[in-house]
Each structure stands twice: as C-alpha cells, then as structure tokens.
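Peer 1: These are the residues of each chain, in order.
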Amino acid sequence: MTNILRKDFPLLGNVSIAYLDNAATAQRPQCVIDAEAEFYRKHNANPLRGLYPLSVEATGVYEDAREAVRAFIGAKSTEEIIFTRNTTESLNLVAYSYGLSRVKAGDEVLVSIMEHHSDLLPWQMVCKQTGAQLKFMECEPDGRLDLKKVEQLLTDKTKIVAIAQVSNVLGREYPVREIAEMAHKKGAVIVVDGAQSTPHMAVDVQALDADFFAFSGHKVYGPMGIGVLYGKKALLETMPPFLTGGEMIESVTREGATYAELPHKFEAGTVNAAGAAGLHAALECVQRIGFDKIHERELALTTRAMEAMRRMEHIHILGSDDPAEHTGIVTFTVDGVHPHDISEILASDGVAIRAGHHCAQPLLKHLGFSSTARASFAFYNTEEEADRLIDSLKTLRERMGYGK
Amino acid sequence: MENRSFYNEILTEHNIHPEFKHDLADADIVLEGVNPSCGDDIFLKLKLDGDVIADGAFVGDGCAISQASADIMLGMILGKKKEEALKMGETFLKMIQGEATEEEIDSLEEASALRDIAHMPARVKCAVLGWRTLKEALCPEEKAQS
Chain U
1 MTNILRKDFP LLGNVSIAYL DNAATAQRPQ CVIDAEAEFY RKHNANPLRG LYPLSVEATG
61 VYEDAREAVR AFIGAKSTEE IIFTRNTTES LNLVAYSYGL SRVKAGDEVL VSIMEHHSDL
121 LPWQMVCKQT GAQLKFMECE PDGRLDLKKV EQLLTDKTKI VAIAQVSNVL GREYPVREIA
181 EMAHKKGAVI VVDGAQSTPH MAVDVQALDA DFFAFSGHKV YGPMGIGVLY GKKALLETMP
241 PFLTGGEMIE SVTREGATYA ELPHKFEAGT VNAAGAAGLH AALECVQRIG FDKIHERELA
301 LTTRAMEAMR RMEHIHILGS DDPAEHTGIV TFTVDGVHPH DISEILASDG VAIRAGHHCA
361 QPLLKHLGFS STARASFAFY NTEEEADRLI DSLKTLRERM GYGK
Chain G
405 MENRSFYNEI LTEHNIHPEF KHDLADADIV LEGVNPSCGD DIFLKLKLDG DVIADGAFVG
465 DGCAISQASA DIMLGMILGK KKEEALKMGE TFLKMIQGEA TEEEIDSLEE ASALRDIAHM
525 PARVKCAVLG WRTLKEALCP EEKAQS
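Taken in order, these protein sequences are the chains called U and G. Using the numbering used here, read the first sequence as starting at 1 and increasing by one per residue. Using the numbering used here, read the second sequence as starting at 405 and increasing by one per residue.
Hints in this document: simulated from the structure, not taken from any laboratory. Beta carbons are placed, not taken as given, at the ideal position from N, Cα and C, and that holds for glycine. It is possible that part of the hints are untrue.
Label pairs and their computed distance ranges (CB to CB) [unchecked claim]: (1) G336(U) - C543(G): 42 to 50 Å; (2) G368(U) - S441(G): 17 to 25 Å; (3) D465(G) - H366(U): 16 to 24 Å; (4) G483(G) - K128(U): 24 to 32 Å; (5) G454(G) - S320(U): 53 to 61 Å; (6) S441(G) - L235(U): 55 to 63 Å; (7) Q206(U) - N412(G): 36 to 44 Å; (8) E513(G) - K128(U): 49 to 57 Å; (9) V252(U) - S441(G): 40 to 48 Å.
In the DSSO-like style, the derived pairs of lysine-lysine whose C-alpha atoms are separated by at most 27 Å in a straight line are [said to hold, decoys possible]: (10) K365(U) - K425(G); (11) K233(U) - K104(U); (12) K529(G) - K425(G); (13) K157(U) - K233(U); (14) K425(G) - K486(G); (15) K365(U) - K491(G).
Stretch by stretch, here's where chain U covers chain G in the computed footprint (C-beta under 8 Å, at least three residues) [what the hints assert, rightly or not]: (16) 476-484; (17) 489-503.
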C-alpha cells in the first residue's frame with residue numbers, strides 16, 4: 001500500500017531527497033513525460049491552423065485534452081475550458097477581461113485574506129484602475145472562515161468574490177458552494193482559485209456553482225506551463241478578449257477583427273499543445289489512482305507528521321489541529337529558528353521543504369507571522385520520508401545552538 | 405551532516421546572544437537593509453566621531469546567517485576608520501564569492517566563520533546584508549550605482 005505508483009515517478013528514483021514541497025509543484029509520472037514527448041515526436045504541427053492531416057491530428061490531441069479537463073472538473077461544455085499557462089494567468093485573464101469591463105467606481109471586490117498573491121494582486125489592480133473598493137474576508141486564528149461574517153461583507157455593490165478552495169498555507173478547505181450561493185444572491189460572481197484543491201479532491205465546478213475556476217497543471221502532476229481557466233459560458237461569451245493576435249480571430253480587416261468562438265477567443269497565439277497532452281495524461285493518472293486512495297495516503301502522512309510535531313514543544317503548526325483539515329499541508333514555526341535556517345538544516349538532512357511567506361504575506365501578517373516553514377505531502381511520499389522530516393526537526397534547535 | 409559544521413558555534417552564538425542587537429538612540433546614521441525575497445530586515449545604526457565609527461548597533465529580524473553576520477560585523481568595525489571598515493567589507497565579499505586568499509580570510513577574524521557561504525549561493529544575500537547596508541550607510545552617493 002505504501003509507494004503506490006511511486007516507481008512511476010522517475011525523479012523520485014533519481015534523487016535521494018524526501019521531496020516535501022508538493023504544494024509548490026508536484027513531480028510528474030513517466031506517462032506525463034512520455035505524453036509531452038510523444039506530441040513532439042509524432043503529432044507536432046501548429047494546432048487549429050493547418051488543413052493537412054498532421055495539423056488536424058495535433059488539433060485532435062489538443063482538443064482531446066480539453067475534453068479530459070472538462071470531464072475532470074465537471075464542466076458542461078468544452079467551450080468553458082480555456083487553456084492558459086497557469087493559475088496566475090487564469091486569474092489575470094478574469095481580472096483583466098471580466099474585472100476591468102464589469103467593475104465600476106464605487107463597486108466592491110471581496111477577496112479572502114488567505115489568498116495567494118496571484119489571487120490578490122489582480123484584484124488590487126482591478127480596484128485601482130476602476131476606483132472600486134477591495135474588501136477582505138478575514139479568517140479566524142485557526143484559519144476557519146466565519147460565514148456569518150462573510151455574509152455581512154457582501155453588499156449590493158459586491159461584483160466579484162475571489163477565494164481559494166484550499167489555502168496554500170493552512171491547507172484548509174473553504175466552503176466555496178456556500179459562499180457562491182451568498183455571492184449570487186447579491187448578484188456577484190465567484191472566482192475560485194483551485195490550484196491547491198485540484199490535486200487532492202474531486203472538483204465539480206457545477207456543484208460548487210463557481211463562475212470561474214482556475215488551476216495549474218504542474219501541481220496536479222502535469223507539466224509546467226499549462227493551466228486552466230473554467231468559466232461559465234454565459235459569462236465568457238460576453239467578455240472581451242484578454243490577449244489579442246493569432247488564433248483567436250475569425251476574420252481581420254485593416255480596421256478591426258471579429259473574434260473566434262469560445263474557447264479560442266481566449267487562447268491567442270500558438271498554444272501549448274504538448275503541455276495539454278501532458279496534462280491529459282496527468283489527469284488520467286490521477287483518475288486511475290482515485291481521489292479516495294490519494295486522500296487516504298496524504299491524510300496518513302499528514303497525521304503521522306502532525307502527531308509527532310505536536311509532541312515537540314518548540315514547534316507550532318498553523319491552522320487546524322485536525323490533520324483532515326490540512327490537505328497534506330503542514331505549515332509551522334520553530335521557536336528561535338528562522339524558517340530559512342529550518343529549511344537549510346532540513347536540506348542538509350535530505351528533506352526538501354518550503355520556507356518563507358509562501359506568496360501569502362497578508363495572511364501571515366493577519367495570523368501574526370512574518371515567515372514560516374511548510375512541508376507538503378503527495379500520495380507518493382512515504383512514512384520514511386515523513387519520519388526523516390521529524391528526525392531532523394528533533395535535533396534542529398540543538399544544532400542551532402540551543403541546549404537540549 | 406555538513407550543516408552541523410556550517411551552523412558553527414560562532415554563528416549560532418552571535419545569532420542567539422547578539423552583542424550589538426539593540427537600539428542606539430543617538431545614532432548619526434540609521435539605514436534599513438532588506439532582502440525582499442526572504443524577508444531579512446535590519447536597521448543599521450551608526451555613531452560617527454569624525455572618520456571613526458564610534459558606536460554601532462542593529463535591530464531587526466531575519467535568518468541566523470543575516471543576524472549573526474551583522475552582529476559579527478559590528479564587533480569588527482567599532483573604533484575603526486570608515487575606510488578600514490569598508491575595506492573589511494570588500495574582503496568579506498571576496499570571501500563570500502570564494503575569491504579571497506587564506507590570509508585575507510584570516511584577517512576577517514570571526515567573520516571567517518561564514519566562509520562556507522561561498523558554497524551556498526542561496527544564502528549569499530543573507531550573509532552580506534549587514535555589510536551591504538554598511539557600505540550604503542557610509543557611501544550613500546554610491547548606492548545608485550551598486
């Protein structure tokens with residue numbers, strides 16, 4: 001039961017470190033690496049352009065991937081699936097296209113304090129450019145969101161609500177469906193950052209009633225450089241293009257252009273078809289393993305680490321006490337040891353974790369931290385790797401000059 | 405376990421029990437030094453007597469390397485002339501870049517405890533934060549070029 005498919009991830013066999021930075025980027029299985037290479041070896045031509053068989057084939061590979069994504073997140077139609085580079089680009093697309101065209105001076109945009117900078121800065125930009133007000137949903141000390149407070153923050157002026165389904169610092173899942181319902185009652189749309197949820201749980205954008213949902217390929221075992229934006233068709237249809245140029249037009253004259261149909265209207269320029277093929281393979285891989293199994297493994301590893309860490313008096317874990325509310329993410333501090341030094345010492349013991357503000361400075365400030373360390377598990381990690389983290393933490397303070 | 409030797413006693417001692425990490429109310433020069441990517445943040449405070457650094461201290465927070473390096477630096481530069489302090493800074497930078505001779509490294513006394521940073525590119529900016537801030541504090545006109 002340990003090492004499910006671990007052997008299928010070449011990097012894990014090629015390096016000796018315990019890779020516990022999966023929330024930053026996952027490792028890729030051989031089938032993903034093969035799918036990307038296979039595209040260039042056998043199907044490469046510019047998709048959506050040429051009329052010759054090879055280009056038709058390339059288009060087929062690309063559009064098959066779109067269908068796989070549609071099925072993976074439960075969208076109604078492939079017209080609602082836009083390929084981007086990553087979550088950041090997906091969120092910027094919504095901000096520049098929907099945000100700038102719909103938000104007016106005096107309106108409000110409501111974001112959570114837990115957001116990754118990539119789901120905060122685009123909204124700061126929209127508010128600065130339009131004269132709208134940016135408001136924050138603040139979490140409780142344990143990271144929980146009080147929905148009564150959220151409801152009070154929503155007004156008739158609220159046009160956009162932006163929230164991560166899972167926090168990249170706390171690992172906590174937020175009640176997106178309930179917040180969507182409240183937002184819709186006020187006539188606002190909800191933009192969901194799914195970067196940290198998509199690798200760990202089955203997502204159904206229709207059940208969540210998300211208006212927009214963004215995620216990255218590289219966190220869900222796919223290639224870097226391919227991401228997804230889901231948007232409800234009715235919204236996407238009325239939105240102006242984000243980028244303009246090739247491949248997103250129907251016809252162009254000296255004076256203007258008519259744009260292509262969805263989803264191509266939002267995919268200007270030559271697309272990352274090989275990346276899409278790799279993502280397709282990654283999603284199939286995840287489905288083959290199944291989220292039940294993924295969840296079971298990640299919870300077992302998170303529980304093992306958290307229980308041991310809780311017995312160390314100088315370690316403090318951010319967020320919930322319940323490992324089931326961490327989605328594989330354990331963010332922590334060690335008294336008297338700066339997170340960069342924690343990371344440095346763990347690295348010398350062959351453990352790779354993240355240290356810093358995790359692109360969520362407002363959240364850390366809200367919780368009273370400036371910098372933290374974060375270990376994040378994937379299903380392919382092992383108990384031995386969790387123990388290596390724990391063993392290293394046990395001697396950490398001593399090695400930093402504190403008595404036993 | 406190379407870090408057992410890297411985070412040596414000199415470094416951890418200056419980090420945990422810094423001698424110069426305190427306020428300096430009558431400082432002539434106060435300058436903030438920041439490493440934005442990792443959050444190291446210090447305020448270097450200096451009191452000059454003509455060309456001599458008569459007193460100095462720092463406050464702030466950051467990793468052990470940045471804090472210990474700043475503390476060690478202050479211990480070395482107090483009572484020294486400005487140009488002597490700047491010369492030490494240059495030698496320190498050479499050491500961090502792996503270009504200093506053994507003799508030069510010896511001349512850095514306690515700061516030589518940080519010589520292994522030369523093999524740790526990700527931590528170079530932590531080690532030089534204090535020295536970089538010192539240079540900017542003493543030669544503000546050169547800041548734009550550096």
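Peer 1: Indicate, hint by hint, whether the structure satisfies it.
Peer 2: Going down the list of hints, with the structure as the test:
no., hint, verdict
1, G336(U) - C543(G): 42 to 50 Å, "35 Å, violated"
2, G368(U) - S441(G): 17 to 25 Å, "22 Å, holds"
3, D465(G) - H366(U): 16 to 24 Å, "18 Å, holds"
4, G483(G) - K128(U): 24 to 32 Å, "50 Å, violated"
5, G454(G) - S320(U): 53 to 61 Å, "59 Å, holds"
6, S441(G) - L235(U): 55 to 63 Å, "36 Å, violated"
7, Q206(U) - N412(G): 36 to 44 Å, "59 Å, violated"
8, E513(G) - K128(U): 49 to 57 Å, "51 Å, holds"
9, V252(U) - S441(G): 40 to 48 Å, "43 Å, holds"
10, K365(U) - K425(G), "23 Å, holds"
11, K233(U) - K104(U), "23 Å, holds"
12, K529(G) - K425(G), "19 Å, holds"
13, K157(U) - K233(U), "23 Å, holds"
14, K425(G) - K486(G), "21 Å, holds"
15, K365(U) - K491(G), "39 Å, violated"
16, 476-484, "violated (count 0)"
17, 489-503, "violated (count 0)"
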